[in-house]
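From first to last, the protein sequence lines stand for chains C and B. Each residue of the first sequence is one higher than the one before, counting from 1 in our numbering. Each residue of the second sequence is one higher than the one before, counting from 1001 in our numbering.
These are computed hints drawn from the structure, not numbers from a lab. Note that the Cβ used here is the ideal one computed from N, Cα and C, for glycine as well. Accuracy of the hints is not assured; some may be wrong.
Stated by the list, open to error - To give an idea of the interface, some chain C residues facing chain B are shown, with a C-beta separation under 8 Å as derived from the structure: (1) ALA4; (2) GLN6; (3) ASN10; (4) LEU20; (5) PHE28; (6) VAL29.
Stated by the list, open to error - Now the stretches of chain B that chain C is said to cover, found in silico as 3 or more residues with beta-carbon under 8 Å: (7) 1216-1226; (8) 1253-1262; (9) 1276-1283.
What the hints assert, rightly or not - Listed next, with one range per pair, are the computed distances between beta-carbon atoms: (10) C:ARG12 x B:TRP1350: 55 to 61 Å; (11) B:VAL1336 x C:ALA11: 51 to 57 Å; (12) C:TRP34 x B:VAL1488: 50 to 56 Å; (13) C:ALA4 x B:THR1322: 52 to 58 Å; (14) C:THR23 x B:PRO1466: 46 to 52 Å; (15) C:ARG7 x B:TYR1462: 53 to 59 Å; (16) B:LYS1505 x C:LEU20: 34 to 40 Å; (17) C:ARG12 x B:ASP1391: 45 to 51 Å; (18) B:GLY1198 x C:ALA4: 31 to 37 Å; (19) C:LEU20 x B:THR1539: 30 to 36 Å; (20) C:LEU20 x B:PHE1141: 35 to 41 Å; (21) B:PRO1466 x C:TRP34: 55 to 61 Å; (22) B:TRP1437 x C:TRP34: 52 to 58 Å.
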Amino acid sequence: MPTAAQRKANARTAWGLVALAATFLAGFVGKILWLNA
Amino acid sequence: MSAVLDHSAHAAGAAHGAHDHHHHGPTGWRRWVYATNHKDIGTLYLLFSFTMLMVGGVLALLIRAELFQPGLQLVNPELFNQLTTMHGLIMVFGAIMPAFVGFANWMVPLQIGASDMAFARMNNFSFWLMIPAALLLVGSFFMPGGAPAAGWTLYAPLTLQMGPSMDAGIFAMHILGASSIMGSINIIVTILNMRAPGMTLMKMPMFCWTWLITAYLLIAVMPVLAGAITMTLTDRHFGTSFFNPAGGGDPVMYQHIFWFFGHPEVYIMILPAFGIISQIVPAFSRKKLFGYASMVYATSSIAILSFIVWAHHMFTTGMPVTGQLFFMYATMLISVPTAVKIFNWVATMWRGSMTFETPMLFSVGFIFVFTIGGFTGLILAMAPIDIQLQDTYYVVAHFHYVLVAGSLFALFAGVYFWLPKWTGVMYSELRGKIHFWTSLVFFNITFFPMHFLGLAGMPRRYADYPMQFADFNAVASIGALGFGLAQVYFFVAVVWPCMRGQGAKAPAKPWDGAEGLEWELPSPAPLHTFETPPKLDATATRIIG
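Just need the whole structure built from these sequences, with the hints factored in.
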């Protein structure tokens, strides 16, 4: 079973990935919409 | 217990922190609904994806039945378009993708020496989200106006003119996207944070590497698909005109956004297949994988290049010649890392002590037939040729060669390779070989003639065709029926007996050339494994304490 420290590290990595996905989405769709405006 | 349905006791591998006695988890249906164990969730994913393969297969057979002869026999053109659309959506999002996630759930923790996936409850949620999505997709056939019929690419402005089932389809895609993103986060965090000490990234089995890269691709592109279909939804109901030319919108913009998702999606469906093949070929050649590091770099290169080739799906939309040239050359560039992989598999086999059990047969079949699909992809990458072949059966033949003979054959190879580990039972080699040869022969009978149909100009997504195309279509339809029956045989004669524990007992390592931590565990793999991190040898393939 993961230790408490490992769980904390897992959560940190997961939130980092969520931020990565959100940035990518905002960047790409934002750029397309801006190009199309 | 693992994938075996009956609850008889199995040998425990106490030496590796592996056991399935003293297990106080839920039993019966609660075991599956509340499942947090990666092996149970892997089994659920695999069974779900096979069910969807059958549903999508029935739709395919209806399509082929209609196309058996020219003229309209069984279905009207509207229903035909619904069948092609739903066949594509169900196979891509319901069958191929979840099957690879099932493999990842089963094998990633076992291969890296982790006790489970990083987020066990989120894993459960990822799986169970797929059921309502599948019901929405399949149920859309019974909504007013029938199922979505705009093609699996859901191009605007056709999607803006569809009935209410389009909303159900969009909602289903949203749910499946959320499930995929959660699954990907789980896989990345598991691989990055939960490897056993000594399992460095460059010692990881190739299957884990390919899934790590695939999960990054999913995280990058699934939100883009979600954005595109959300814009479609607001165009339909909330007065926006992103893609509606009547309001000043641009349907071609939808294609750009969709294919920015869609092309990496193609690699999402093939990179884990490469990983499976990279495990099996060395095992049955009794050699180490040739060029491990180059395999990792080739996989990464394919993933990066997949982001800059999307408009090769759009050569006929009227882009500037410089744009055509860029996307043409970028696409052709992908053949370099792909060829590296194929070369490495062949070099692994070179002078190997090869045997041809069913996993190896499917792997060699994969290399041979996938390469044909790769070459037709290279042909289609050339803008002047693609403009001629756009939306013809040549394209249909090409992507079925990479998705059926590619992804699906690799999945079958993986099932035969790891089924003894999952169930503790050896499958029948004769039945496996029957499944392989019937699949290979009927696959080619179905899809090879489609190259000729496409070159002769037969367009895809039509319920009818001129007499000149009759012969090849009849052949393709017969092949499709045979291919479908071969897959029913696979479940009835191979999978089901193993799941019921019928057959010779599998040893811990049924393949003498196989390497990796999963083969250090007893068969079937106990419900709980690696509860304490294992001590690994220098190659990270053996447990030494």
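A quick look at each hint next to the structure:
1. ALA4: violated (13 Å)
2. GLN6: Because about 7 Å separates C:GLN6 from the closest Cβ in chain B, which is inside the 8 Å limit, the hint holds.
3. ASN10: With Cβ-Cβ at 4 Å, under 8 Å, it holds.
4. LEU20: At 6 Å from the nearest chain B Cβ, C:LEU20 passes the 8 Å test, so the hint holds.
5. PHE28: holds (6 Å)
6. VAL29: Check passed: Cβ of C:VAL29 comes within 4 Å of chain B, closer than 8 Å.
7. 1216-1226: It holds, with 6 qualifying residues against the three required.
8. 1253-1262: holds (count 4)
9. 1276-1283: violated (count 0)
10. C:ARG12 x B:TRP1350: 55 to 61 Å: violated (45 Å)
11. B:VAL1336 x C:ALA11: 51 to 57 Å: violated (39 Å)
12. C:TRP34 x B:VAL1488: 50 to 56 Å: holds (51 Å)
13. C:ALA4 x B:THR1322: 52 to 58 Å: Since the Cβ atoms of C:ALA4 and B:THR1322 sit about 56 Å apart, the hinted range of 52 to 58 Å holds.
14. C:THR23 x B:PRO1466: 46 to 52 Å: Taking Cβ atoms as reference, C:THR23 and B:PRO1466 lie about 51 Å apart, which means the hint holds.
15. C:ARG7 x B:TYR1462: 53 to 59 Å: holds (55 Å)
16. B:LYS1505 x C:LEU20: 34 to 40 Å: At 46 Å between Cβs, range violated.
17. C:ARG12 x B:ASP1391: 45 to 51 Å: holds (47 Å)
18. B:GLY1198 x C:ALA4: 31 to 37 Å: The hinted range 31 to 37 Å is violated for B:GLY1198 and C:ALA4, with Cβ atoms some 23 Å apart.
19. C:LEU20 x B:THR1539: 30 to 36 Å: holds (32 Å)
20. C:LEU20 x B:PHE1141: 35 to 41 Å: At 37 Å between Cβs, range holds.
21. B:PRO1466 x C:TRP34: 55 to 61 Å: Violated, at about 46 Å.
22. B:TRP1437 x C:TRP34: 52 to 58 Å: Holds, since B:TRP1437 and C:TRP34 (Cβ atoms, about 55 Å apart) stay within the stated range.
Hint compliance for this structure: hints 1, 9, 10, 11, 16, 18, 21 are not met, and every other hint is.
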